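Student: Quick one: dock chain against chain with the hints and give me the complex.
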Amino acid sequence: MTGRTVSILLVEDNAIDQEAIKRAFQRHRIGNPVHVAADGIEALARLRGSDGQPKLPRPYLVLLDLNMPRMNGVELLRELRADPELHDSIVFVLTTSKRDEDRIASYDLNVAGYVVKSDVGAGFIRLIELLDHYWRIVEFP
Amino acid sequence: MWQALWEELEARRADLDAAVEEVARRIPAFAPILDSMTPELREQQRVHGIHMQRVALLEGGWDEYLADLRVQGRTYAQMGIPFADWYPLLGAFRSVLVTTVLGLPRERAQLVIEGMDRFLDLAMSAIGTAYVGMQMELAQRAQSRMQLYIDLFENAPMGMLHLGCTGRRADLQLELVAGNPAAFRLGGPALARSDDRRLDPEWAAAAGLTEHVGDVVATREPRRWKLDSTLPGTKRRTYEFHCFWLDDGHLGVVFEDVTTHEQLLRQVAAQLRELERSNRDLDEFAYVASHDLKAPLQDVRNLADWIVEDAGTALPERSLRHVGLLGDRVRRMERLLDDLLEYSRIGRKDGAHEQVSLRDVVGEVGGLLQPPADFTIEFRGDSPVLSTPRAPLEKVLRNLVGNAVKHHDRATGSIVVSAERAGDRVRIRVVDDGPGIPEEFHDRVFAMFQTLRSRDEVEGSGMGLTFVKKTVELYGGRVFIESTGRGAALVFDWPLAVTEPETGGGDDGTHSEHLVG
Numbered sequence: 001m002t003g004r005t006v007s008i009l010l011v012e013d014n015a016i017d018q019e020a021i022k023r024a025f026q027r028h029r030i031g032n033p034v035h036v037a038a039d040g041i042e043a044l045a046r047l048r049g050s051d052g053q054p055k056l057p058r059p060y061l062v063l064l065d066l067n068m069p070r071m072n073g074v075e076l077l078r079e080l081r082a083d084p085e086l087h088d089s090i091v092f093v094l095t096t097s098k099r100d101e102d103r104i105a106s107y108d109l110n111v112a113g114y115v116v117k118s119d120v121g122a123g124f125i126r127l128i129e130l131l132d133h134y135w136r137i138v139e140f141p
Numbered sequence: 001m002w003q004a005l006w007e008e009l010e011a012r013r014a015d016l017d018a019a020v021e022e023v024a025r026r027i028p029a030f031a032p033i034l035d036s037m038t039p040e041l042r043e044q045q046r047v048h049g050i051h052m053q054r055v056a057l058l059e060g061g062w063d064e065y066l067a068d069l070r071v072q073g074r075t076y077a078q079m080g081i082p083f084a085d086w087y088p089l090l091g092a093f094r095s096v097l098v099t100t101v102l103g104l105p106r107e108r109a110q111l112v113i114e115g116m117d118r119f120l121d122l123a124m125s126a127i128g129t130a131y132v133g134m135q136m137e138l139a140q141r142a143q144s145r146m147q148l149y150i151d152l153f154e155n156a157p158m159g160m161l162h163l164g165c166t167g168r169r170a171d172l173q174l175e176l177v178a179g180n181p182a183a184f185r186l187g188g189p190a191l192a193r194s195d196d197r198r199l200d201p202e203w204a205a206a207a208g209l210t211e212h213v214g215d216v217v218a219t220r221e222p223r224r225w226k227l228d229s230t231l232p233g234t235k236r237r238t239y240e241f242h243c244f245w246l247d248d249g250h251l252g253v254v255f256e257d258v259t260t261h262e263q264l265l266r267q268v269a270a271q272l273r274e275l276e277r278s279n280r281d282l283d284e285f286a287y288v289a290s291h292d293l294k295a296p297l298q299d300v301r302n303l304a305d306w307i308v309e310d311a312g313t314a315l316p317e318r319s320l321r322h323v324g325l326l327g328d329r330v331r332r333m334e335r336l337l338d339d340l341l342e343y344s345r346i347g348r349k350d351g352a353h354e355q356v357s358l359r360d361v362v363g364e365v366g367g368l369l370q371p372p373a374d375f376t377i378e379f380r381g382d383s384p385v386l387s388t389p390r391a392p393l394e395k396v397l398r399n400l401v402g403n404a405v406k407h408h409d410r411a412t413g414s415i416v417v418s419a420e421r422a423g424d425r426v427r428i429r430v431v432d433d434g435p436g437i438p439e440e441f442h443d444r445v446f447a448m449f450q451t452l453r454s455r456d457e458v459e460g461s462g463m464g465l466t467f468v469k470k471t472v473e474l475y476g477g478r479v480f481i482e483s484t485g486r487g488a489a490l491v492f493d494w495p496l497a498v499t500e501p502e503t504g505g506g507d508d509g510t511h512s513e514h515l516v517g
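Line by line, the protein sequences are chains A and B.
Okay, so the first sequence: first residue is 1 according to the working numbering, each after it adds one.
Okay, so the second sequence: first residue is 1 according to the working numbering, each after it adds one.
The shape of chain B in the complex, shown without the other chains (with noise of 0.2 Å):
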């Protein structure tokens, strides 16, 4: 039977082809499949069924043909098509099949129509078994999948509510379709006493609900707002709720407890303001001492000079000398005055960012400090351009030279500037070639007022490195010291680009916010 069913279905291939091909592209669920498909790949699957076939009508591998039929039949069931659109397709199959064997001696077309009856059984037998299994994996999948967002839904620490909303936007009823454990937790007893006939009145005006609903519903945009109050039966707290559109006549509502959160930001707050103050105190500070001060040092100064102008005759050498002395320690202390003033000025008059090329900035340094003639102060090798406040910079680099300078031993001597680049940021050294600074000593120097030579050897205030490492790291980096024997190094690194300092984040701008109390 099988036998003269192959003989047949051999005969007629073309027209039994043609014919599925044309019911097929009447299937909605079919068409596009068709049309996807190359004609290589129709070949393919041509030569294949065919193959099949073979296999199971002459070589008696049922087994085979029907487990390939299954994987089409899950195939074609992921797809989306339905199982029922199968039966047009097979019925076509058949129709040709009878139509052309009527030709044949009545026994033999008996034959070949019974083996096709059967083997049809079997192909759908096969097919639906397949989509059976198929469609209880992909209920099995959405269940699980369901379950992670139901466990989502049932842990979270934040109230969730699935809300019917029915009725105009004059007068919108609203029902309690589904909460979380939280929202009843956080929502307290009149939150509980809703049903999905109605959200407790009570309830939705104390959380802003009524206030707010109408205008998700209008826009279906989300509307987000904090609440400082107390929802019916509950501690007053500090809230935020987001209310969001799901679709036609559900709404989704998000809310927690952000008291603890509103606490921080007060505090925070308050912290800054407490920061500002004492900012301000302090530049009030600094003006007063470097300007009241200054004052009687200013009186003291004159003195000095008219004790000179009017008597200088008739004082003795030593006296003379004293008066001199008097003068010079007013002026240091006026100069220790200003470095303290500048010192505390560090980090908060530095200015705007500017493109500041290094070897500029040292060619101004060196011009200010007007160094003796045998003395070079130079930049060697690349310069690479900053992105900062152009102040800070320059002062460090004012003070490392100037101080290679003052503390020179002989007569000429050399100063050189370099940077190399060091990720996003810039090692720049000075390098000088005079006595060098005792290992020993390479932490203190960078202490307040601390000076290496006695200041009547060398005149500084020792706030010079002190300024120098306060401003650097301030600007992240580090300053230290190389050197052995003679000569020094004093390495300190910047940013390549300075980040401007973050302004407070905005909202999303989606949303409307205001405090409700």
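Okay, chain A solo, but in the shape it has when bound (with noise of 0.2 Å):
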């Protein structure tokens, strides 16, 4: 994909989760601006651009929670669905839940991909190794 930068969304309740996101685009020497929503609503508020937050531009990216408090990742990809300016929203599901519940609920909500942490790799490079070449050869809504 040519031309703007893809903003990164991260909805990740644990500060330790999203400074661990963030050192590991660090040291692969991304330099996409990565956004960080503590849960659910703080997301749609950063997607929406209310409640005194400004919206984030396309294109944009979310790297999903599942577990969170006040609203949870799947709540939030309900109404991300829902919602007919955000609905074509790529997201991906980045959770320590391995259960089939969590990921068939996901799937039926058409995330891009489910992704387990303890998958990934020390550093999450997988995972970095996989954004990195998805936004360069998928094109964004």
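FYI, nobody ran anything at the bench for these hints, they're computed from the structure.
Small disclaimer: the values here were computed from a predicted structure and weren't measured.
Under the rule of at most 25 Å between Cα atoms (straight-line distance), these lysine to any residue pairs were calculated in the SDA-like manner:
hint : chain 1 : residue 1 : chain 2 : residue 2
1    : A       : K98       : B       : A391
2    : A       : K98       : B       : H291
3    : A       : K117      : A       : D39
4    : A       : K22       : B       : D305
5    : A       : K117      : B       : D292
6    : A       : K117      : B       : G324
7    : A       : K98       : B       : K294
8    : A       : K117      : B       : D305
9    : B       : K470      : B       : A352
10   : A       : K117      : B       : D310
11   : A       : K117      : B       : Q298
12   : A       : K22       : B       : Q298
13   : A       : K98       : B       : R277
14   : A       : K22       : B       : R301
15   : A       : K98       : B       : A295
16   : A       : K22       : B       : D310
17   : A       : K117      : B       : S290
18   : A       : K98       : B       : R301
Tutor: Pasting the structure below:
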């Protein structure tokens, strides 16, 4: 994909994991802007530009944890898919959960991929590689 | 006189025998007996008959002869041959003799016939006595037998009713022909109101009979039903009724109070539900323990790594070591949690039965453990094939062999696994040539979180043998240690064929069953 840089919206409540993802991007010298939301409600505000939050410009990609307070990952996904403006968002689920129910629910809501944190290696290296290839090749909506 | 009779009988043997046999064959009761006798047997009987006649007529042995006749009489009475069937036989005997002696001089003929008549009188009298005796005996036996049935009926703790049944299916009339004491005790006053003209209809309806007798009469198949109700005039109880066809116009009913039994069943069902709930809680707890408790551990590990990455060079040697230990302890905690989770799952996620070769499992375990190059792990001897879930057996062996390797104190070691059949189980030995386990610790090592050496010397959660013990015992076996001085053998047994848990017993299919309440 040519042209504009993809922004990343990381939706994750654990501060350590937030830092881990950011460190991973830095280590691999990926300069794409990474924005953080601590739960689904904050994420929606960021994507819509509501509640005093600046609206996240396109193109963007969402890295979504499933277990969060106030509004969890699956609930956020439903909100996104129901919203006419946000329904085509590219979402990768990035979670500790290996549960079938979570995976099935996510794919039922058309995620681009379901990634388990413990599978992506130290420093999230394989996730970085995946995303780096993804946005070079894939055309974003 | 007897002498003369004998002489004439001897002169006409063949004719007499033929005539008697011809008559006997025409009597329905005798014919099958004659048919079933072999020629040898017939000859034997004939010779015996003649001998007995000689004993009586020539030697005066009447007692002996008549006793022999009585025995015959009893035998034929037991066979069910009517006494009246003897007349034609003896009659035939007499008429043949009479016809043939007519050619003799008159005095002799009269003597022989007189002899014949007295002879036959004595014979009939003996046979008659035998019959009466036998019939009395049979009647007594029947009565004793009858008394046994009566005792059973009178003393049975369940209600038994003999019902008469007339009319068409849509409108059956029931009468109470007989009932045992238990029936009236259980059945209550309404049943007692019944008699042999009418079974109390209120009782019949409450008992569910009105509903089911039609079926029993139409199909002649027994029916069974449970009733949770009040028979008129009694307390509310649960009953089980059986109704069965006896013959045209007669039905049997057996019923009993199963209230206690039903209560027990309900209790067991409730306990089962409670157990299932408890198991679900345990599963959930174990999942939470493994998942949510490990999350902060993962964070600590990340933070420790980042401290080293970002500030490693600025840290004193000691602090670097401390941060390293932080990571170790965290990893240990994660392993403990994993082991705890696995322990909690023992027996419940074991998987389906397979045909498992011990030699193969030991080979896999050896491959998984990847021991140092100078260690050998081998299976020796006969390898039985077990029918069992694979995972638990494999985990037990992995733990035992892994322990042997982990605790070995030398650079080279040998671990040998062998098996021998013991009845319907297999005894498996894991023998190593390591430092051995002192006898005073043989019991303690199986307890939770017990390690023989400090965790700094040999990394381990202390759960391995606990896991082994619980699994082996779950499969009905024992595990113990043989170790004096160097080396140790861990010995456990396993079923050759693990049986499937039983499913709940079903109905025998011929009865209908429902709760009427």
